[in-house]
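Student: Take these sequences, add in the hints, and give me the full structure.
Residue strings, one per chain:
Number of protein chains: 2
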Amino acid sequence: MTTPETGLPMVVPATDLPARVRIHEVGARDGLQNEKTAVPTSVKAEFVHRLADAGLTTIEATSFVHPKWVPQLADAEDLFPRLADLRGVELPVLVPNRRGLDRALALGARRIAVFASATESFAKANLNRTVDESLAVFDPVVRQAKDAGAHVRGYVSMCFGDPWEGAVPLHQVARVCGALRDMGCDELSLGDTIGVATPGHVLELLSLLNEEGVPTNVIGVHFHDTYGQALANTYAALEHGVTTVDASAGGLGGCPYARSATGNLATEDLVWMLQGLGIETGVDLGRLTATSVWMAGQLGRPSPSRTVRALSHQE
Amino acid sequence: MTTPETGLPMVVPATDLPARVRIHEVGARDGLQNEKTAVPTSVKAEFVHRLADAGLTTIEATSFVHPKWVPQLADAEDLFPRLADLRGVELPVLVPNRRGLDRALALGARRIAVFASATESFAKANLNRTVDESLAVFDPVVRQAKDAGAHVRGYVSMCFGDPWEGAVPLHQVARVCGALRDMGCDELSLGDTIGVATPGHVLELLSLLNEEGVPTNVIGVHFHDTYGQALANTYAALEHGVTTVDASAGGLGGCPYARSATGNLATEDLVWMLQGLGIETGVDLGRLTATSVWMAGQLGRPSPSRTVRALSHQE
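Protein sequences appear in the order of chains A and B. Quick note: the first sequence uses full-length UniProt numbering, first residue 1, plus one each step. Quick note: the second sequence uses full-length UniProt numbering, first residue 1, plus one each step.
Among the clues, some could well be false.
[Stated by the list, open to error] Calculated lysine to any residue pairs in the SDA-like style (CA-CA distance at most 20 Å, straight line):
{"no.": "1", "chain 1": "B", "residue 1": "K68", "chain 2": "B", "residue 2": "K146"}
{"no.": "2", "chain 1": "A", "residue 1": "K36", "chain 2": "B", "residue 2": "H313"}
{"no.": "3", "chain 1": "A", "residue 1": "K68", "chain 2": "A", "residue 2": "N128"}
{"no.": "4", "chain 1": "B", "residue 1": "K36", "chain 2": "A", "residue 2": "H313"}
{"no.": "5", "chain 1": "A", "residue 1": "K124", "chain 2": "A", "residue 2": "Q172"}
{"no.": "6", "chain 1": "B", "residue 1": "K146", "chain 2": "B", "residue 2": "R82"}
Just so you know, these hints were derived from the structure itself, not from any lab.
Tutor: Set out below in structure tokens:
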């Protein structure tokens with residue numbers, strides 16, 4: 001136990017938790033793509049630079065999706081080169097298909113992500129395809145990305161519940177995870193897109209994936225705070241050995257299909273817990289909070305992150 | 001794993017967690033005492049009745065403190081008899097001293113709580129006494145309450161951090177807990193009054209208390225969500241075997257000395273997690289949420305509970 005500085009939690013490690021966690025910061029992509037109006041490219045570029053300056057080393061930057069579908073990120077070609085000066089920072093970008101992959105690779109992207117669904121309803125709503133059709137689209141994308149030497153992350157959304165289908169059978173999630181791994185995905189991100197999961201559910205899915213040959217060290221978790229469960233679920237995942245956690249600075253973003261505006265786990269709330277547990281993240285909480293306060297000013301509304309509010313004395 | 005009804009989490013138990021948790025509902029006392037203006041007695045009475053109707057069986061009703069200090073609860077003598085029709089519901093009341101105890105016992109209160117501090121600064125700020133002076137005041141109160149056949153809970157506030165002192169040494173918390181147990185307190189409630197704790201810190205305090213002879217079955221945990229940590233801390237406490245958890249319907253209340261308006265763990269967020277874990281609470285989440293929405297209407301502002309917002313489609 002060490003004495004904290006003011007404004008930081010007391011550091012008391014728990015047994016059998018990872019020594020280090022890699023935070024996959026999704027605010028610039030997952031957060032800003034859910035904004036009603038597009039954020040100026042210069043603001044996005046400053047946001048990513050500030051996130052890097054706060055110590056984040058994996059910052060999902062944008063999406064090379066057709067502007068018709070996600071106009072908020074229509075400036076990907078303009079934004080991505082503005083981040084070329086960042087050293088020691090991975091900048092994954094989402095690609096929906098081969099056209100998007102070509103655009104991303106042409107700009108020098110070295111980390112690619114594809115966005116799959118565990119449920120038919122969400123695949124239809126979000127991708128306008130069946131699950132298998134969307135996997136068929138991703139297969140050549142992932143293979144081409146791997147051939148180009150890129151690292152590939154496969155998002156699996158609606159792993160724990162679906163707004164149309166309710167409960168999602170675990171084997172259905174495992175099947176999509178297995179397919180993405182077979183294509184060559186280096187990493188999976190298990191998304192609780194509507195935020196309904198609880199810790200036992202998380203642990204059961206992780207155990208099933210392990211049984212089916214997916215090792216914990218390729219699994220990231222992506223929790224939403226719609227029902228306030230994200231950090232408890234994260235803690236359970238850490239106990240299972242997960243070392244990659246998705247989060248969004250200031251809690252930006254959220255699923256438009258979820259029942260509340262509250263969305264992604266806030267990176268600051270996550271860092272508070274990890275710091276208290278003595279788990280290394282490399283993140284400077286003060287700088288990160290300042291960044292989220294600045295971004296909240298750009299967006300014209302306060303951050304929903306509890307930690308941001310507490311540390312910035314927002315009411 | 002069972003299929004949920006719409007709006008409820010999928011039930012997937014985790015191993016080695018308690019089968020049942022007793023929720024100690026503090027909204028009517030801890031929540032309403034922090035309101036700027038007093039809530040009408042009739043509204044308080046309806047609130048407690050609705051909480052009981054939602055299945056809560058331990059509902060802290062009010063405080064018999066001098067009206068000069070807590071004018072919000074000056075109607076304790078009027079309120080408490082209005083709850084006499086509630087069967088099968090425990091209605092603890094806070095008493096600051098013998099005068100308060102006499103008033104409570106005269107009205108038939110069978111559960112008493114005293115409010116101690118783990119730190120000198122908060123004892124001074126909240127009780128205007130040193131820690132030892134306040135314990136000396138509580139000693140005859142607890143003994144008299146026990147002689148009268150009452151169940152006595154001892155709150156210990158600032159167990160994990162103090163806004164003036166920073167880190168709180170664990171042995172200091174253990175000393176106050178030991179003193180309260182020696183007086184005869186049946187139950188302790190470990191308060192993270194400013195919400196800074198993280199799971200390792202919680203587990204270390206619980207282990208120390210066990211080592212010093214305080215069994216887990218007399219320990220309740222009282223977490224605040226100031227930094228979003230309350231539910232992760234609760235999950236860790238459940239893994240340790242804790243079966244009494246304090247929470248406040250709709251997340252009402254909070255510590256006036258904490259750095260944010262966000263206060264008590266919301267009972268709905270807790271129930272969502274416990275229900276998902278298959279842990280019995282007896283609480284009907286729909287009724288409870290409706291109660292918090294109603295109370296939010298009475299108070300004229302939305303509930304900060306994530307679950308209340310999601311289930312009631314508040315933005």
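Student: All the hints need checking, so say for each whether the structure fits it.
Tutor: Against the structure, the hints:
1. Between K68 of chain B and K146 of chain B the CA atoms are separated by roughly 27 Å; this puts the pair beyond 20 Å, and the hint is violated.
2. Under the criterion of a C-alpha separation no larger than 20 Å, the hint pairing K36 of chain A with H313 of chain B is consistent with the structure, at around 19 Å.
3. Taken as a hint, the K68 of chain A and N128 of chain A pair is honoured in the structure, with Cα atoms around 14 Å apart against an allowance of 20 Å.
4. Between K36 of chain B and H313 of chain A, the direct Cα distance comes to roughly 19 Å. Compliance with the 20 Å bound is thereby established for this hinted pair.
5. Of the supplied pair hints, the one linking K124 of chain A and Q172 of chain A holds, its CA atoms being roughly 16 Å apart against a limit of 20 Å.
6. The hinted pair formed by K146 of chain B and R82 of chain B fails the criterion: a straight-line CA distance of about 24 Å is larger than 20 Å.
The structure is inconsistent with the numbered hints 1, 6, although it conforms to all the rest.
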